[in-house]
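Start from chain A and add chain B according to the hints.
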Amino acid sequence: MADRIHLKVITPTELVVDEQVDEVVAPGEVGEFGILPGHVPFLTTLHSGELKYKIGNSETKLVVEGGVADVRNDTVSILTDGVKEN
Amino acid sequence: MASLRQIKTKISSVKGTSRIMSAMKLISAVKLKRAQDLLMAYRPYSDAYQETTLNVAKRCDPESHPLLRKTDEPKKLHLVFLTSDRGLCGSFNSSLIRKLETYLVADTKTYDEVTFSFLGRRGRDHFAKEGFKASSSYIGITERNYTEISEKVSEELTREFIKGDSDEVILVYNYFKSALIQEITYEKVLPIEASSESEDENLIDYLYEPNKKGILSELLPKYIQVRVQRAIQESMTSEHASRMTAMENATSNASDVIKNLTLLYNKTRQAMITTELMDIVNGTEALSKGDD
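If you read the protein sequences in the order shown, they are chains A and B.
My numbering puts the first residue of the first sequence at 30, with every later residue one more than the last.
My numbering puts the first residue of the second sequence at 26, with every later residue one more than the last.
Chain A on its own, in the form it takes in the complex (with noise of 0.2 Å):
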């Protein structure tokens, strides 16, 4: 098991995250949800809001525009239609 997460969050217009990453917070449709390294494949569509994550101490946020989460094998990839920078 990795230590960590690989975080991907790609739009149609820009690869705007490509980094390791400790820990990822997205908007699920049902909820928000939490990734630690080792999580099961997970698959959820996602609501427009905020998406954190953390490297180290320090938290980045952005504002994702909907779009799909696939979560597997320690790689997190968001596909949403835009991304706007907090």
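Hints in this document: simulated from the structure, not taken from any laboratory.
There could be a bad hint or two in this list.
[What the hints assert, rightly or not] Covered stretches of chain A (chain B as the covering partner; in silico rule of three or more C-beta atoms under 8 Å from a C-beta of chain B):
{"#": "1", "region": "52-64"}
{"#": "2", "region": "72-79"}
{"#": "3", "region": "98-111"}
[As the list claims (entries may be wrong)] With a straight-line Cα cutoff of 30 Å, these simulated DSBU-like cross-link-like pairs (lysine-lysine) come out:
{"#": "4", "chain 1": "B", "residue 1": "K247", "chain 2": "A", "residue 2": "K90"}
{"#": "5", "chain 1": "B", "residue 1": "K314", "chain 2": "A", "residue 2": "K37"}
{"#": "6", "chain 1": "A", "residue 1": "K81", "chain 2": "B", "residue 2": "K247"}
{"#": "7", "chain 1": "B", "residue 1": "K238", "chain 2": "A", "residue 2": "K81"}
{"#": "8", "chain 1": "B", "residue 1": "K247", "chain 2": "A", "residue 2": "K37"}
{"#": "9", "chain 1": "B", "residue 1": "K247", "chain 2": "A", "residue 2": "K113"}
{"#": "10", "chain 1": "B", "residue 1": "K177", "chain 2": "A", "residue 2": "K37"}
{"#": "11", "chain 1": "A", "residue 1": "K113", "chain 2": "B", "residue 2": "K58"}
{"#": "12", "chain 1": "A", "residue 1": "K37", "chain 2": "B", "residue 2": "K213"}
{"#": "13", "chain 1": "B", "residue 1": "K237", "chain 2": "A", "residue 2": "K83"}
{"#": "14", "chain 1": "B", "residue 1": "K237", "chain 2": "A", "residue 2": "K90"}
{"#": "15", "chain 1": "B", "residue 1": "K237", "chain 2": "A", "residue 2": "K113"}
{"#": "16", "chain 1": "A", "residue 1": "K37", "chain 2": "B", "residue 2": "K202"}
{"#": "17", "chain 1": "A", "residue 1": "K81", "chain 2": "B", "residue 2": "K56"}
{"#": "18", "chain 1": "B", "residue 1": "K237", "chain 2": "A", "residue 2": "K37"}
{"#": "19", "chain 1": "B", "residue 1": "K213", "chain 2": "A", "residue 2": "K113"}
{"#": "20", "chain 1": "B", "residue 1": "K58", "chain 2": "A", "residue 2": "K37"}
Heads up, the beta-carbon is just placed ideally off N, CA and C, and yes, glycines get one too.
Okay, now just chain B, sitting in the frame of chain A:
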């Protein structure tokens, strides 16, 4: 031998044409740059979308969504054929059309029925002349409207596939490898099936939230749209690249022609001067001989 005036007119007409062609080259270069930027930005998204969808398809039972339906002996083929609206882009359209014609003769025998969608005027017009009927065709695709068009096309394809009017959907287009190389590509988009090369036996199914059905019916139609849009963008970028190369070749050809014509012009002029001089010299000689 052509007269001086004729050659002169020809030179100036070739010069005019070459100016137009080099202008077209510059325009294509700008358009290529923009289309290429859009394409390069879209590729990671569509690749990721494809990876996710195929991963889901690998884990799912084909029964769980109509778009995953597999037919053992596909009988109805739907071809989506992407060309450009305009010409003057080298072999961009012609080689694609030729390839498709060979394909139709050679590889579609197992199908009972082949239907077409044409995106782009060139392909549509060519196959209309041959008597093929298109179930739908779109022209006037630009950077501004390709998202809507890909939505319409994918919606049609999806609807048709679910109704059972097609068993397989294949996209045919020019894949943009580089500004100099474009590759003719056949891509099966429906049914959605994962390549079976990496047979992992211990595939763990996803946890789906809110539920499997809801996610599939959101993910899969969108996937078709993403694939169609990607193909449109690839084709459009290839078109500009192809036109740019063609115009560059044409411009350098024109300057060769101008060089040859100028040479001919100078030769003719020199020959005329020589003839005139000979006339004068002969005349004087004749006169001076008469004096003796």
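Verification of the hints:
no.: 1; hint: 52-64; verdict: holds (count 4)
no.: 2; hint: 72-79; verdict: holds (count 3)
no.: 3; hint: 98-111; verdict: holds (count 4)
no.: 4; hint: B:K247 <-> A:K90; verdict: holds (26 Å)
no.: 5; hint: B:K314 <-> A:K37; verdict: violated (101 Å)
no.: 6; hint: A:K81 <-> B:K247; verdict: holds (25 Å)
no.: 7; hint: B:K238 <-> A:K81; verdict: holds (27 Å)
no.: 8; hint: B:K247 <-> A:K37; verdict: holds (19 Å)
no.: 9; hint: B:K247 <-> A:K113; verdict: holds (22 Å)
no.: 10; hint: B:K177 <-> A:K37; verdict: holds (29 Å)
no.: 11; hint: A:K113 <-> B:K58; verdict: holds (26 Å)
no.: 12; hint: A:K37 <-> B:K213; verdict: holds (27 Å)
no.: 13; hint: B:K237 <-> A:K83; verdict: holds (29 Å)
no.: 14; hint: B:K237 <-> A:K90; verdict: holds (28 Å)
no.: 15; hint: B:K237 <-> A:K113; verdict: holds (29 Å)
no.: 16; hint: A:K37 <-> B:K202; verdict: holds (25 Å)
no.: 17; hint: A:K81 <-> B:K56; verdict: violated (37 Å)
no.: 18; hint: B:K237 <-> A:K37; verdict: holds (23 Å)
no.: 19; hint: B:K213 <-> A:K113; verdict: violated (35 Å)
no.: 20; hint: B:K58 <-> A:K37; verdict: holds (26 Å)
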